[in-house]
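Peer 1: Guided by the hints, dock chain B onto chain A, whose structure is given.
From first to last, the protein sequence lines are chains A and B.
For the first sequence, position 202 (counting from the first letter as 1) is numbered 202 according to the numbering used here, and the numbering increases by one without interruption.
For the second sequence, position 290 (counting from the first letter as 1) is numbered 290 according to the numbering used here, and the numbering increases by one without interruption.
FYI, nobody ran anything at the bench for these hints, they're computed from the structure.
Computed from a predicted structure; not experimentally measured.
A hint or two may mislead.
[As the list claims (entries may be wrong)] With a straight-line cut-off of 30 Å between C-alpha atoms, the simulated DSSO-like cross-links for lysine-lysine are:
1. A:20 to B:431
2. B:431 to A:204
3. A:135 to B:431
4. B:218 to A:204
5. B:431 to A:340
6. A:204 to B:323
[Claimed, not checked] The following residues of chain A were derived to be distant from chain B, with all beta-carbon distances above 10 Å:
7. 75
8. 82
9. 159
10. 300
11. 323
12. 349
Using N, Cα and C, we set each Cβ at its ideal position, and we do this for glycine too.
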Amino acid sequence: MQYLIDQFTDKIRAAAGERKPLRIRGAGTKDFYGHFTPLHLHAFGLSDVLDPTAYTGVVDYEPTELVVTARCGTRLTDLEAELSNHRQMLAFEPPHFGPGATIGGCVAAGLSGPRRPTAGAVRDFVLGVRMLDGKGDDLSFGGRVMKNVAGYDVARLMTGSLGTLGLLLEISLKVLPLPAMELTLQIPLTEAEAIRRMNLWAGKPLPISATCFYGGQLMLRLSGAEPAVGAARAIIGGEEVSDAAGFWVSVREQQHPFFSMGKPLWRLSVKSTTPPLSLPGTQLIEWGGALRWLAADDEGEAVQTAVRTAARSAGGNATLFRHAASSLTVFHPLAPGMMKITRRLKEKFDPAGILNPGRMYPEL
Amino acid sequence: MNAFELAAQLRAFLPSEAVLHEIEDVRPYECDGLSAYRQLPMVVALPRTEEEVVEIVRRCHAANVPIVARGAGTGLSGGALPHSEGLLLSLAKLKRILEIDPVARTACVQPGVRNLAISEAAAPHGLYYAPDPSSQIACTIGGNVAENSGGVHCLKYGLTVHNILHLRVVTIEGDILEIGSDGLDAPGYDLLALMSGSEGMLGIVTEVTVKLIPRPEKAQVVLAAFGDVRAAGNAVANVIAAGIVPAGMEMMDQITTRAVEEFIHAGYNLEAAAILLCESDGGAEEVAGEVRQINDIMMKSGAIDIRISRDEVERLKFWAGRKAAFPAAGRISPDYYCMDGTIPRKNLASILSGIEALSAEYGLRCMNVFHAGDGNLHPLILYDANRPGELELTEEFGARILQMCIDAGGTITGEHGVGVEKINQMCAQFKPGELEMFHAIKAAFDPSGLLNPGKAVPTLRRCAEHGAMHVHQGKEKFPELPRF
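Extracted from the complex, chain A is given alone in its bound form:
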């Protein structure tokens, strides 16, 4: 498969030589996500495409080591099926947002699903990467072991960098055993009471693995050994839900009716105890209160200001997650000191500034 890496290298070097933007794009399931998205670039004919999906396959997987290494083009569905054969999983429960989603895109986007608050995010499970930087240099960071403090943690830096720092070639991830059992409870509550209880329960040793509040109903998933789940169920109460697996997939994949309103979708990442936020639109809460989705009434500047201010004062940040060709900034603006370091890092990894320019911030 080295010939593929050679092709990618040549393409990056050629683009760097001409200073012509190159957009790294796998299956394109997350084309909607980001500031100046690949769709924009494509519409303007501004960039060439680097499609790494042919670089596919699991390089190494030993279930008893709890580590899998896969090439970037490996489909998430294939990887998850392979893990499932050994009763293991990607514990961060990544959204696919389409049938062809790849592990490279998953790590580059850095998005995690319902299990995130208790299990951890994508970046928590990334152990190592092999990558090509903006000069086409083939570099490896981290490794295939759980504990490794040799050198700076570039593998986690790459996670969520949206292809602006390099092309991920291979990724090593920690995996976890599938829980022995899962069940989901439904409890009718007010928003304020749901937030209070999610935080209260998270402070107890209960095997809660997902929460979602919408339309006056709190859905809460328990995962673990049978006695632990049984004991927790008795404490929490509520009614057991049928087809719970389908419900959590619909939330993760944004197929739930809340996400189908066709309105601009904001993602507010806030302190979990933040009281109900009063914003123009409808909300859905995940992650024990730490994630608030807002289907906003409109795309106006006033809404943007209100959302950013609310997120900021709740100790967090807001992302315009899905939008219709908006001119608004997608990611929460960085403070000047942070932008200074961010810009310098970008220059070190991609001196010609060719990799996914503008995808994260207009100035990157």
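Peer 2: Chain B alone, transformed into the frame defined by chain A:
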């Protein structure tokens, strides 16, 4: 700038007792936990506030004076070794717990707060801070961030990087960075990950918000003895294969159990080649079920003797032996040198037999303690620094162990950091382009190279000059550099 000039500049805004430069005053700072390396700093400063840290950093930046940050000085790789022409910046006086939020389950603390003090402050709420490095009674959270410290429970509960939410960081240019957030993520690049384990090379941490988690209702430990090391290694794999992620999974070899048993009386089987401590935590019924499962797996894996802690006293007694491994090394040998490699666990038996062979070759004894769950090996080489040449032999022995770890697909440091100790081994683990990228990352934060210079990442020149360079597949690693 000389010591007097720097001290005078700092005394302009710091009380005189917070600026040290007399030799007898700076002597206590000459080394960290790796005492084989010693260096007196030019000046020591002990700020009490973030404003003072910013002002110190600004003055040093303007005068081009290197800064080495230090917490409790418990590090084992010389990361806090002073610079002869630099300032030793002690964060020990920034030791206030600013807030415990029991509902949001977070603690906001200054960098000089001790690791264990966080868990103690959270205990009334049934919460604790999970990473528990063995030095947790003394080491500070600022140092934990700098080293990305782990502990015996990190397979299940993660390292420092998994348990922090937010940092305030002073850059060498005097900017204050807010990295992370009170939520579960932050926009832009993951600088929180970059800061974790960066060994004081990128910025000075002045505030840390950590996650607190609920203390499990119960914990119980299975103590299993094995007739050979391979069987013990297989038992670990079998536990994982059964879908169990133990709260702790530790292994000790015979030389270690014999050394600790003599004064701890933990009740270890001294005929066993290796013993395993496997801990389960959670709800009472859950633990009971998991312990039964672990017990069965140990039996099927060939354990010659199994004991299950009957109560909290016995659980702590079983652990006491493991926690006394380092002091035990100190009892049976004038000096010991603690190594810190990580390997894919399946290679354990071959690494241990490799270490045994090296032990015979060098005529030096070696105790092996192993965070078996996550593959992190701590060989303790026993030596006598008063015998001429023995330290050098010990270091060579250690370097060869680390090379075996790299060859086995592992790493030269799992949790102790590179510091000055393993800087040459970095040349064996990384290619020139990778080392250059590390230097570039440092330059993005610290363009003038004043923060902890010379640590953690070797220059390419140093790698070329370092004798223990390795030729892979007939290709030299640094063909572009001259040989000496």
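Peer 1: Now tell me, hint by hint, if it's right for this structure.
Peer 2: Now the hints, each set against the structure:
Under the criterion of a C-alpha separation no larger than 30 Å, the hint pairing residue 20 (chain A) with residue 431 (chain B) is consistent with the structure, at around 28 Å. Of the supplied pair hints, the one linking residue 431 (chain B) and residue 204 (chain A) is violated, its CA atoms being roughly 46 Å apart against a limit of 30 Å. A threshold of 30 Å between alpha carbons decides the hint, and for residue 135 (chain A) with residue 431 (chain B) the separation of about 15 Å falls inside it, so the pair holds. With a CA separation close to 13 Å, the supplied pair residue 218 (chain B) and residue 204 (chain A) stays within the 30 Å bound.
Restraint check for residue 431 (chain B) and residue 340 (chain A): the C-alpha separation of about 28 Å stays at or below 30 Å, so the hint holds. Distance restraint check for residue 204 (chain A) and residue 323 (chain B): the Cα-Cα separation of roughly 28 Å lies within the 30 Å cut-off, and the hinted pair is therefore satisfied. For residue 75 (chain A), the condition that its CB be more than 10 Å from all CB atoms of chain B holds, with the nearest at approximately 25 Å. Every beta carbon of chain B lies more than 10 Å from that of residue 82 (chain A), the smallest distance being close to 16 Å; the non-interface claim holds.
Non-interface status of residue 159 (chain A) relative to chain B is broken: a Cβ of that chain comes within 10 Å, the nearest being about 6 Å off. The Cβ of residue 300 (chain A) lies farther than 10 Å from every Cβ of chain B, with a closest approach of about 21 Å, so its non-interface assignment holds. With a cut of 10 Å on Cβ distances, residue 323 (chain A) stays outside the contact zone with chain B, its closest approach being about 16 Å. Interface exclusion of residue 349 (chain A) from chain B breaks down, the closest Cβ pair being 8 Å apart, not more than 10 Å.
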